[in-house]
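Could you put the whole structure together from the sequences, leaning on the hints where they help?
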Amino acid sequence: MRQELGQQIGEKARELLSSGVVECVIGYERATDGVTARPLFVYGVEDVDRLIFDDTCIHNLTRYLLNRRDKNTAVVAKPCDSRAINLLLNEKQIEREKVFIIGVACQGVVETRWNQAGETLQARCQLCSQHTPVVYDFLVGEAPPEQPPPEAYADVLEMEARSAAEREAFWQEQFDRCIRCYACRQVCPGCYCSECFVEQLDPLWVGIRIAPAENQIWNTIRAFHLVGRCIGCNECERVCPLNIPLSLLNRKLEKEVWELFGFQAGMSAEAVPPFATFEKEEKLGIGE
Amino acid sequence: MTRFISKKDLITWLEKLIQERILIAPTTKNGLLLFQPVSEVEDIVLDFQNTELSPKECFFSATETLFAVKREDGRTELVPATVDRDTVLFGLHPCDAMGMAINDKPFLAEPADTLYGQHRARTTLIGLPCSKPTTECFCTSMGGGPHDPTHLDVLLTEAEDGYIVQAVTGKGEEILPSSVVEREIVSPPPPSVEPVPAAGISEVMERVFEAPYWSRLADRCIHCNICAYVCPTCYCFDVRDYANGGRIERVRSWESCQSPGFTRIAGGYDPRSSKGARLRQRFYHKLRYFPQEFGALGCVGCGRCIRACPVNIDIREVISDVQKLGAKIGT
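Taken in order, these protein sequences are the chains called A and B.
Following this note's numbering, the numbering of the first sequence begins with 1 at its first residue and continues without gaps.
Following this note's numbering, the numbering of the second sequence begins with 1 at its first residue and continues without gaps.
To give an idea of the interface, some chain A residues facing chain B are shown, with a C-beta separation under 8 Å as derived from the structure:
#1 A31
#2 W114
#3 R177
#4 E199
#5 R209
#6 I210
#7 P241
#8 N243
In short, the hints are calculated from the structure, not lab data.
Bear in mind the structure is a predicted one, so any value in this text is a computation, not a measurement.
Positions of the beta carbon are idealized from the N, C-alpha and C atoms, including for glycine.
See the structure below:
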C-alpha cells in the first residue's frame with residue numbers, strides 16, 4: 001500500500017515533468033540512514049523512481065515553495081501540510097496557478113529520529129481529524145474512516161491548571177537550553193520575514209546572546225508571531241535539537257484563537273484571519 | 001606493565017576532582033546527553049555513543065564576555081575576562097579531543113585568542129575510548145581513531161574491574177592519583193569504524209567549486225545553524241558591545257555561515273546570498289580552506305551533524321559525491 005503511494009506520486013511526477021506543467025516536483029526519498037525519509041527535489045523524469053511515501057515522511061515540504069515563488073512547482077502535501085498552502089495563499093506569498101498540489105490522504109506519521117522510526121503514530125496524528133488535504137490538485141491514498149475527534153488539548157489544559165509561577169519556571173527551564181539555532185524558524189512555513197526581528201539592528205529588539213533572557217524573548221515572540229497562523233505541522237518541535245516542547249506553546253495559542261474567534265489557520269485560503277480584521281463585537285476583555 | 005586504576009578508586013578520584021575543580025562530564029538532562037558541570041559522580045554517564053552537543057562549549061562558550069570597559073571618575077579601564085578556576089573535562093571521546101586540537105589552530109595562532117587560551121590551559125582532558133561507534137561515525141577517515149589518545153591528557157580504557165590509565169601529557173601525569181597501580185593487563189582492540197572515501201578530498205574539492213551540485217544539494221537545506229552548533233570544530237562567532245550604565249561589555253556568541261545574512265556587509269551586499277553558496281561554504285571550509293591554511297581537515301568524523309540535520313544533509317554522502325564528481329570533471 002505504502003509502496004503504491006510512492007509509485008502513484010512518481011507516475012504523477014513523470015506526467016507533470018514531461019508535459020512541462022512544472023519544472024520541479026518536491027517529494028520524499030529514503031534518507032541515508034535507510035530508515036527515515038528526506039525531502040527530494042525532482043527536476044527530471046530520470047529521478048521520479050526515487051520518490052517514496054510512507055509514515056516516515058514527516059517533513060512539511062510546503063516551506064520550500066517560498067524558495068520557488070516564480071517557478072511552477074509540484075509539491076507533495078499531507079493534510080496538515082496542505083493548510084500551510086492556504087496560509088501562504090491567504091498571505092499572498094505564493095500564486096495558486098504556479099503550484100500543483102499532490103495531496104496525500106493521510107493515516108498519520110510516526111516519530112522519527114536519525115536511524116529510528118517509531119512504531120506508534122505521532123501524538124499530533126493521534127489527535128488529528130483532518131485526513132484529507134484541505135486543498136489539492138491530485139489526490140493519492142485513502143483516508144481512514146472518520147472517528148469522533150479526541151480531546152486535543154489535554155496537555156494544554158494540564159499546563160493551564162498550573163500556577164503562573166509554575167508555568168514560568170517550566171518555560172524558563174525549557175528556554176534556558178535553547179541555542180538559538182533558529183531551526184524552528186527556518187523550517188516553519190509561516191516564518192518567512194525577509195528580516196526576522198532577532199536579526200534587526202535598528203531597532204535592536206534582542207541581542208546576539210545565547211542566554212536565558214534572550215532565549216526567552218526569541219521563543220516567546222516566535223510563538224506570538226504565529227498566533228492564528230500556525231497550522232500545526234509541528235515541524236518546529238521536530239527539528240529542535242534540544243527537545244523544547246514548542247507544540248505545547250503553539251497549541252495553547254491555537255486554542256485561544258479557536259475559543260475567541262472560532263478560527264483555525266489554513267483551513268481556507270479566503271477566510272479572513274482574526275489579526276487581519278476587526279469586528280465591533282470583539283471585546284477580548286480589553287478595558288473590562 | 002600497564003598502569004591501572006580500579007573502579008572504586010576512580011570514583012574516589014572523581015569525588016576529589018569535584019571538590020578541587022570544576023568537573024564537566026556527560027550527564028543526562030531532559031532526555032539529552034550533554035557535557036555539563038557535575039556535583040555527584042553517580043550522575044556521570046560512562047557508557048555512551050556521542051553527546052548531543054560537542055564539548056567545544058567548555059573553551060568556546062555559546063556566549064561569553066571577552067572584556068568589559070569601566071568608566072569611573074573620568075578614567076576608562078579595560079578589564080579582560082579571566083578564567084580563574086581549573087576544570088577537568090571528563091569522559092570525552094578521542095574525536096572530541098581531536099576537535100579541540102583542530103580549534104586550537106585558528107584560536108591559538110597569533111594573534112592568539114587569550115580567553116580561549118586560558119580555558120585550554122586551565123582544563124585537563126580525561127578521555128574514554130569510544131567503544132561503540134555509531135553507524136554515522138567516520139573518525140578513522142579523518143585521521144583519528146576510537147582509541148586514539150593523541151589529543152587527550154589522560155586516556156582511561158575499561159578493562160577487567162577498572163581502567164587502564166594512559167597519561168599522554170605532563171598535565172595528565174600531574175593529575176593522576178596515587179591509587180594508580182602497575183598491572184599486567186591487555187588493552188582491548190579498538191572497534192571498527194565505517195570508512196568514507198576521504199583520500200585526496202581536499203584537492204578534489206578544488207575542481208568542483210562551480211558544479212551545480214551545490215545548489216541542488218542546498219535545495220533541501222533549511223539553513224538553520226544546527227550543523228554548526230553541534231559541530232566540535234565550527235568556530236564562527238559574532239561580536240557585539242552591550243552598554244549597561246557606565247559599564248560596557250564586549251560579548252561574543254556562536255554564529256554560523258548557514259544563517260541568511262552571515263556575510264552581509266555595509267550597504268546590504270551579500271557575497272554569499274544564494275543558498276547554494278552558503279551550503280558550499282560549510283563543506284569548503286572544512287575540506288578545502290581549513291586544510292590549506294592549517295594543514296588538517298576541519299572535521300573529526302563524529303557524525304553529530306549527520307544525526308542532527310532535519311533534512312539529512314550528510315557529509316559522508318557529500319564527500320563521496322564530490323569524489324565521483326571530481327573523477328568525472330578530471331584534473
